[in-house]
Amino acid sequence: MLRREWLVALAFLAPALTLLFTFTHYPAIQTVIDSFWSTPRGRRPAAFVGTDNYARLLQDPIFVRAMVNNAIYAAITIPASILLALVMAMFVEGRIRGRALVRMAYFTPTVLPLIAVANIWLFFFLPGFGLLEQLRSLLGLSPRNWIGSPETALYGVSAVTVWSQAGFFMIFYLAALTTIPPSLREAAAIEGCSRWTFFRRVTWPLIMPTTLFVSVNATINAFRTVDHIFVMTEGGPNNASMLLLYYIYAQGFRFWDTAYAATLTVVMVAILALVGIGQFFLLDRRVHYR
Amino acid sequence: MSTIVTIARPFDPDRALIHLGAWTLALMWILPLAYAVWTAFHPSAYETRFDLLAPLTLENFTRAWTAAPFGRYYVNTILLVTMILTVQLVLCSLAAFAFARFDFPGRNILFALVLVQLMVMPDILIVRNYATMGRLGLIDSILAIGLPYFASGFAIFLLRQTFKTVPRELDEAARVEGCSWLGLLWRVYVPLARPTMLAFGLVSVSHHWNNFLWPLIITSSVHTRPLTVGLSIFATTDSGTDWSVINAATLITSGPLLIGFLIFQRQFVQSFMRAGIK
Numbered sequence: 001m002l003r004r005e006w007l008v009a010l011a012f013l014a015p016a017l018t019l020l021f022t023f024t025h026y027p028a029i030q031t032v033i034d035s036f037w038s039t040p041r042g043r044r045p046a047a048f049v050g051t052d053n054y055a056r057l058l059q060d061p062i063f064v065r066a067m068v069n070n071a072i073y074a075a076i077t078i079p080a081s082i083l084l085a086l087v088m089a090m091f092v093e094g095r096i097r098g099r100a101l102v103r104m105a106y107f108t109p110t111v112l113p114l115i116a117v118a119n120i121w122l123f124f125f126l127p128g129f130g131l132l133e134q135l136r137s138l139l140g141l142s143p144r145n146w147i148g149s150p151e152t153a154l155y156g157v158s159a160v161t162v163w164s165q166a167g168f169f170m171i172f173y174l175a176a177l178t179t180i181p182p183s184l185r186e187a188a189a190i191e192g193c194s195r196w197t198f199f200r201r202v203t204w205p206l207i208m209p210t211t212l213f214v215s216v217n218a219t220i221n222a223f224r225t226v227d228h229i230f231v232m233t234e235g236g237p238n239n240a241s242m243l244l245l246y247y248i249y250a251q252g253f254r255f256w257d258t259a260y261a262a263t264l265t266v267v268m269v270a271i272l273a274l275v276g277i278g279q280f281f282l283l284d285r286r287v288h289y290r
Numbered sequence: 001m002s003t004i005v006t007i008a009r010p011f012d013p014d015r016a017l018i019h020l021g022a023w024t025l026a027l028m029w030i031l032p033l034a035y036a037v038w039t040a041f042h043p044s045a046y047e048t049r050f051d052l053l054a055p056l057t058l059e060n061f062t063r064a065w066t067a068a069p070f071g072r073y074y075v076n077t078i079l080l081v082t083m084i085l086t087v088q089l090v091l092c093s094l095a096a097f098a099f100a101r102f103d104f105p106g107r108n109i110l111f112a113l114v115l116v117q118l119m120v121m122p123d124i125l126i127v128r129n130y131a132t133m134g135r136l137g138l139i140d141s142i143l144a145i146g147l148p149y150f151a152s153g154f155a156i157f158l159l160r161q162t163f164k165t166v167p168r169e170l171d172e173a174a175r176v177e178g179c180s181w182l183g184l185l186w187r188v189y190v191p192l193a194r195p196t197m198l199a200f201g202l203v204s205v206s207h208h209w210n211n212f213l214w215p216l217i218i219t220s221s222v223h224t225r226p227l228t229v230g231l232s233i234f235a236t237t238d239s240g241t242d243w244s245v246i247n248a249a250t251l252i253t254s255g256p257l258l259i260g261f262l263i264f265q266r267q268f269v270q271s272f273m274r275a276g277i278k
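Respectively, the protein sequence lines represent chains A and B.
The working numbering puts the first residue of the first sequence at 1, with every later residue one more than the last.
The working numbering puts the first residue of the second sequence at 1, with every later residue one more than the last.
For the record, the hints were derived by calculation from the structure and aren't laboratory data.
Just so it is clear, the structure is predicted and the values come from calculations on it, not from any experiment.
By construction, the Cβ of each residue, glycine as well, lies at the ideal position given by its N, Cα and C atoms.
Heads up, some of the hints might be wrong.
[What the hints assert, rightly or not] The calculated label-pair distances, taken between Cβ atoms and stated as ranges, are:
| hint | chain 1 | residue 1 | chain 2 | residue 2 | range |
| --- | --- | --- | --- | --- | --- |
| 1 | A | Leu7 | B | His207 | 30 to 38 Å |
| 2 | A | Arg195 | B | Ile263 | 34 to 42 Å |
| 3 | B | Leu143 | A | Arg195 | 51 to 59 Å |
| 4 | B | Gly255 | A | Pro181 | 40 to 48 Å |
| 5 | B | His223 | A | Ala11 | 48 to 56 Å |
| 6 | B | His207 | A | Tyr26 | 57 to 65 Å |
| 7 | B | Phe264 | A | Arg195 | 53 to 61 Å |
| 8 | A | Trp204 | B | His223 | 50 to 58 Å |
| 9 | A | Ile29 | B | Leu198 | 54 to 62 Å |
| 10 | B | Ser221 | A | Trp256 | 47 to 55 Å |
| 11 | A | Pro205 | B | Ser44 | 31 to 39 Å |
[What the hints assert, rightly or not] Quick list of in silico lysine to any residue cross-link-like pairs, SDA-like style, CA-CA up to 20 Å:
| hint | chain 1 | residue 1 | chain 2 | residue 2 |
| --- | --- | --- | --- | --- |
| 12 | B | Lys164 | B | Phe154 |
| 13 | B | Lys164 | A | Glu5 |
| 14 | B | Lys164 | B | Ala174 |
| 15 | B | Lys164 | A | Thr197 |
| 16 | B | Lys164 | B | Ile109 |
| 17 | B | Lys164 | A | Leu10 |
| 18 | B | Lys164 | B | Gly106 |
| 19 | B | Lys164 | A | Leu84 |
[Stated by the list, open to error] Under 7 Å between C-beta atoms, here's a sample of chain B residues computed to sit facing chain A:
| hint | residue |
| --- | --- |
| 20 | Phe41 |
| 21 | Ser44 |
| 22 | Arg128 |
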């Protein structure tokens, strides 16, 4: 009887698990194997090269640049998105006028394709032409090519990411804020505690699980969201906005160096695995996540 | 008590500041989009000139629509998101049911392997998956765009959580009545999981409507390209620098989702909330 149930379970699982293994687990493992082989070219088949690809990685200035850029990109987008999301949620949660409209304004960028968002912002940033530039010229500032100059391109791209995802994270904070019992606020009001103290002592600790959840998502996004780079900068100028996933794409599908692209992918998988393990321990140990 | 105090007070600087902050931020957030909408509905001469009396026009939309096969892109995207969602719901319901209802050796390990996909998604494994599609002879097909996403770890996880809340008495009653396993899933579990499925559906549709990198790689013809890829090609090659037309095309690609969101705002927000909170 028990065995029969096992077979039924297997039958239910088989289709989904087959696809899951074919397009997630198998490619992840095969990518690691590929990284120890050379790229087959023409009639020359792939040859085992040991750790050559990894040696090349460490000496590749563009890879180093992409890693540094990605670190900066993460260091900007993660805290900025979380902070803005929290501020937005607190604004919208309070009794303010035009609440529905304000919430809509915050959330709308989330439903737009990032590739469309990139077009909108490219136009917004357009030197001497876009809205940002017009506002600057009103203030008497000289025109500036935000996306086209190496000093600012990465920051421009980061701003777009924050704009497109903060409203999404706001939703989770909104959900968390509504679970805080009103009696706590009343008690605090009677004790005469300030808004800031209330936030620091009550709100912030209570929404900690949400902050962790949002942080993990923001971290994954910092490595996964590169769509807008295709339209806005293509990694340039001079690799100033090159990010790891975009570099994987460039190596794999522009230069068709699949072995090197596989090596880069291994780095990416390792980073995400670390995030996953970190999340597992943090969520398990530090906070109770019902 | 506190509300009475607030109303009685003539001016509360704190509240005024909160209003100022909330509205400034809202304005900043909507400005880039509003600007794009403004230029898309006005002749290109008004691209950078603000004039409330500027004539409205739909010409930018017709020019964009005729300059690139957006009609075909629409069909492709709609086919794509429908196919992905349908297959996801079927396959992931089956798998989630097995995880929630049966006790079998290796269940926890298999479930952990499913959860791996939440971190290492197919979005990253593009190089190897492209090779797999090549071997399957599926390159440049709509099926290939969707295939890696059919078995969604996220959907299996969400549905399993929901299925676990189904009362066991209901389950056993149906079994006693002679209901088959599939019948049990279909008649008892699926109806009770409808809100979860709706939530997942909205998330899935908006995600795949907006997805770009994998479709860009795997498609190479008008017959398979979804809107996002079509838009990127249009914006970079076809149109020169006529921003009014590009902005119109941008709105064409995001329009249905945007309008859907504005109409079903509450459902959208609740679905995203439900899907995000375990």
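Against the structure, the hints:
no. : hint                             : verdict
1   : A:Leu7 to B:His207: 30 to 38 Å   : holds (34 Å)
2   : A:Arg195 to B:Ile263: 34 to 42 Å : holds (36 Å)
3   : B:Leu143 to A:Arg195: 51 to 59 Å : holds (55 Å)
4   : B:Gly255 to A:Pro181: 40 to 48 Å : holds (42 Å)
5   : B:His223 to A:Ala11: 48 to 56 Å  : violated (36 Å)
6   : B:His207 to A:Tyr26: 57 to 65 Å  : violated (23 Å)
7   : B:Phe264 to A:Arg195: 53 to 61 Å : violated (34 Å)
8   : A:Trp204 to B:His223: 50 to 58 Å : holds (53 Å)
9   : A:Ile29 to B:Leu198: 54 to 62 Å  : violated (35 Å)
10  : B:Ser221 to A:Trp256: 47 to 55 Å : violated (19 Å)
11  : A:Pro205 to B:Ser44: 31 to 39 Å  : violated (54 Å)
12  : B:Lys164 to B:Phe154             : holds (16 Å)
13  : B:Lys164 to A:Glu5               : holds (17 Å)
14  : B:Lys164 to B:Ala174             : holds (16 Å)
15  : B:Lys164 to A:Thr197             : violated (40 Å)
16  : B:Lys164 to B:Ile109             : holds (18 Å)
17  : B:Lys164 to A:Leu10              : holds (18 Å)
18  : B:Lys164 to B:Gly106             : holds (18 Å)
19  : B:Lys164 to A:Leu84              : violated (35 Å)
20  : Phe41                            : violated (14 Å)
21  : Ser44                            : violated (12 Å)
22  : Arg128                           : holds (4 Å)
Of the numbered hints listed earlier, those contradicted by the structure are 5, 6, 7, 9, 10, 11, 15, 19, 20, 21.
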